[in-house]
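**Student:** If you read the sequences in order, they're chains S and H.
For the first sequence, this note's numbering gives the first residue as 902, with consecutive numbering after it.
For the second sequence, this note's numbering gives the first residue as 1146, with consecutive numbering after it.
Calculated directly from the structure, the hints in this document are not laboratory data.
In this text, a Cβ means the ideal position worked out from N, Cα and C, and glycines have one as well.
Be careful, since some hints might not be right.
Restricting the straight-line Cα-Cα distance to at most 20 Å, the calculated cross-link-like pairs of lysine-lysine (PhoX-like) are [to be verified]: (1) H/1342 x H/1441; (2) H/1485 x S/1210; (3) H/1485 x S/1180; (4) S/946 x H/1342; (5) H/1485 x S/916.
Calculated Cβ distances over 12 Å to all of chain S for the following chain H residues [what the hints assert, rightly or not]: (6) 1290; (7) 1391; (8) 1415; (9) 1457; (10) 1568.
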Amino acid sequence: MFELKPMLSALWRNKVSALLIALQLALTLAIVSNATAIVKERMEKVARPTGMDVENIIAITFMPVPQDYDMAGAVTADLDMMRSMSGVVDASVTNQVPVSGSGSASGYYLEPNAQIGDIDSNYYQTDPHFINTLGIKLIAGRNFKPEEMGVFGSHENYQSNVIIVTRQFADEAFPEGNALGKFLYYGNDDKPMEIIGIVERHLGAWPSWTLAGNVVFHPLLIEGNHKRYLVRTEPGQRDAIFKQLEDKLAERDPQRVIHLETLSENLARTYVGDNLMVKVLATVMTLLTFIVALGIVGLTIFWINQRTKQIGIRRALGATRTNISRYFLVENALIAGTGLVMGTASALIINRLMVSEFSQPVLTLPMLAVCAVILLAVSLAAALVPAMRAANISPATATRSV
Amino acid sequence: MIGYYISLAMRSLRGTPILSALMIAAIAVGVGTSMTSLTLNYMMSQNALAHKDDVLYAVQLDSWDPNQAYSRSHNEIPYQLTYQDATALLRSDIPTRQVAMHRFGFTVTMEDAEVRPFTAETRVTTRDFFALFDVPMLYGNTWSKEADTTPVQAVVLSKAINEKLFGGENSVGKTVTLNGEPFTVTGVIDYWNPSPKVYDLNNNPFSDSEEIYIPFGLHRKLEIYSWGNNNGWNSPDTGIEGYEGHLQSESVWLQFWVELDNEAQKEKYEEFLTGYIRQQKEQGRFQRPLKFVLNKPSEWLVLNQVLKDDDRVLAWGSLAFLLVCVLNAVALLLAKFLRKAPEAGVRRALGASRKAIFTQHLIESSCIGVLGGLLGIALALLGLGGVRILAMGNIDRIASMDWIMMMAAVGLAILASLLAGLYPAWRISRTNPSVYLKTQ
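Extracted from the complex, chain H is given alone in its bound form:
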């Protein structure tokens, strides 16, 4: 019976080509627009650390100006830590793993004089980075524990830069020249590029992960400043000059993450933080009310507003757009079905039940839905391509559909057309056959 209804539906669609095309186009444009913006929102809301959401925490401490709260974050606590706090927290042995880190850049020179020196995006971090964020290792491993506190010129390379420098072979033990200094390769990571870049949302959350990783113990030796955000306030003068003054200052520029495996460990760590802040207060620091936050990765993404207001506006706007398209399709379907009312009247008189008439017409609107949905996916892909161009390469990895979104697009189209077909099909199934038999 369903096959017969489908063939009836196709015949009916061909019978009124312009009206059918209009309805299919309406559904397609509505689905295409919504899927474009929903895909962007969906991809921007991804959490690459979802599988460790219960054990990882981004640490925030309120070390800011006693005269005014930190205004650049949405919970009025700086997103980053000072160097002195980060190094103090690193001394705790409560967390299973912990990472203090920031963005940096090195010039890389190669023996090969043909290749001009280039700058490599760098992450200066403690050794737990790779295990804490589940970064897959291709060769070798992270550096030694000493390298987090004493200057050791070790480096972990990304897969891409290992290919560029060593043709992709196992380069562990080889030397790379960074800012003119020799660094020994201890490991190479496999392709790893979470988007949004949940572990550091300070700059562009959709930028690529770093090309090289170096140990945290090198700050004083190489006088490393952050290449990321660096925020200071009008803090009392420490009287310390030079680079050491920068390290001992109240500037916040380090991201800090901890891995706490269970509730007991978390409570213990919270006690440790409370104690640390109290002790700092006695020394005249941390003059604001005692406040710290342990943010789960999912909370961190929300706090950092990875999904912007504009993205939400576009998503709601496009859903409203889809609603207009559905209303449009309802009106046109109603018109079309009512014109065919005499046919339905005859079928009813010949013994078709109301349910049969209803099913037949609902199937006809589903056919429009499937055709509109398929066309809608094509339009959404076109729309995402357009967005990629408009965004100037900023969100290339975001503006693409995975199979979940493809299925969602078809589902949305069918849902939309069923919604559109429901009332017209019900209306026509209530047709009183006698009226039409009389006029024949």
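Extracted from the complex, chain S is given alone in its bound form:
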């Protein structure tokens, strides 16, 4: 009933054109499916929870002008001032801004005086207000107490006696899940640091790092030549507070350089490469599908024009409109099917290269199948309008031109 035999012989006469369409679909499937795999991976990466109230946090970096500056005094005065501002939920001091791409990491050991077997982790030197300021969740243990804060000059040997870690780090260090109350050490050192609390999650300084999420917090203030604050505001107040903060900090002490940024800006900058990849690939996929569809429309119209007379004859001999439309749709499906089979093979070959040469994600078969089905649908949709038009060719055209 599908008139396969005459269809195949007609296709054979136009084999180059048919092959060109099939090749286009094959390449399109190879590109689109691999691009989908990349886009999916990047979108999942960007959508990972940071563990923080990113939208409402402002990050401040300041650097004093004079060499002999009372850093600890300035930090206390600034924090007191900022915490008393209306609209500010809390503020804390930190050595680095989360998700900014700048950070510090260290190896932590389970045994004292060890040389090997460390667990790498991003770390922050902060104060007891960090949990409330970041808006992260303490899931076990307790927060730092004010008396546990250690204040050191930048050249002193500093260490904290207590630490708070993320659940991811705790699970890696102590897979049995009993991290609370355990001790960790720096290498070649025997001073213990007790894990007193575990927070749900914190993405750390480098979201693209393979160990992102391993974070340790120390209650320390090291008087370097610059310091950073994080300020969390009431929802919707961030931009208003942002404007006030710069002036208020400069007013309190003009002898320094102050730089403010929102945490959202930092996060956007960190993911800029991934977002670029997602948007560029999405544009390419859309354009590609569109161009292939237009090509199919153009070629189907051409074939129908070429066969106007034959269609007229078939209609005159009793073929229904449905028969005519179906002929062109089935023909299109045959070509598209061939193309998509070739495309499946090339998509898998290209993906192997992408994985081995360019460290891109693996293309799964369900994803490939979904892409193939969508392309088949697009191809049929592209052929549909010309095929319906073909059905409108009147039987009279056959008799008229003979």
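Start from chain S and add chain H according to the hints.
**Tutor:** For chain H alone, kept in the frame of chain S given last:
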């Protein structure tokens, strides 16, 4: 004859406006996409030191942890040196020029109370920096040789910061206040901003070059820490406290470049490095296998992966995209030419040679190529504008086309359309005139 063919081609294009527009659009979109990604790759692969590629070398020494290799670099040797190694290498008189340096930041205050203090991107470096990297000098010169080993508060300003502080006049001999300390200006450089920033690829390779440059002899006096990457390992305790402990530690944080003019000099320097590492081994340092690398600027760019995997994927992807567009154009051109087969048949019967028919149709496809190419350049400029916005100002200087890329875009478009036109034109030139004469 060519002029006639072109006018025939334009008439034929106007005869089938939709089909022509489709083909032009296909070529334009393909060329636009490829040129966008190829331009990015091309600009990211620039080597600002290409003219000194045979004499400059970035030095790597494997001073890392005996228990495990350095994992953050692609040849398992740290990209940077320790302070003690950098200062030891600086004592060699083999290289014509040598530079030890790192990134830093100073607060700059001005007499004018109206202007708030600001932070200036700083490079702490030895005096050869400007000559070694061919930095053009506007006024004055680099600091004295003593300033590389003893604290001398001298400074070289960039053109932009000289304009900000001194209105662009010759400021040599004047004073700038950095972190509250007076520094004397010894020189001002002209605009100099290589991208990628080949001399320091540690952080963003597409960031701007520094605003101020200060001598290497100031570390101890000002207790300068690096503002760039600083990597340490679990090294044995030296027992030295304070800032001096940082300087004597195994942390790597200094970039080191040498200029070696010929092969003999290079061999001599390699011998010197081998000897230095052997001597350090005797003192208990450098416990890994003896390894050092002298990287040319071009090799340094590759080792530091300035061109990322993502960039390569986009380039290959966009070329595959162009291929689909070409296939699309082949199919449409074939359809169009075959419909005009009767015309070609008549021309053949009237005496036109196969070659003439072939040329005529190839010219018609070239016309599509030129139109598509021009439109493609416009699309590529649009695409680069989009990339600039998406990249949030990170690669403004990268995402722009120079005239080489413009020419390449037109060339690519013509190549694409010739490729697209070749088969259809050949096919139509094989037309047998008698078939069409019969059906008329």
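**Student:** Work down the list of hints and note, for each, if the structure agrees.
**Tutor:** Quick rundown of the hints versus the structure:
1. H/1342 x H/1441: Holds. Residue 1342 of chain H to residue 1441 of chain H sits at ~14 Å (cutoff 20 Å).
2. H/1485 x S/1210: 17 Å, holds
3. H/1485 x S/1180: 42 Å, violated
4. S/946 x H/1342: 29 Å, violated
5. H/1485 x S/916: 19 Å, holds
6. 1290: 26 Å, holds
7. 1391: Incorrect as stated: the minimum Cβ-Cβ distance to chain S is 8 Å, not above 12 Å.
8. 1415: 32 Å, holds
9. 1457: 6 Å, violated
10. 1568: Violated, since 8 Å does not exceed 12 Å.
Violated hints, listed in ascending order, are 3, 4, 7, 9 and 10; each of the other numbered hints is respected by the structure.
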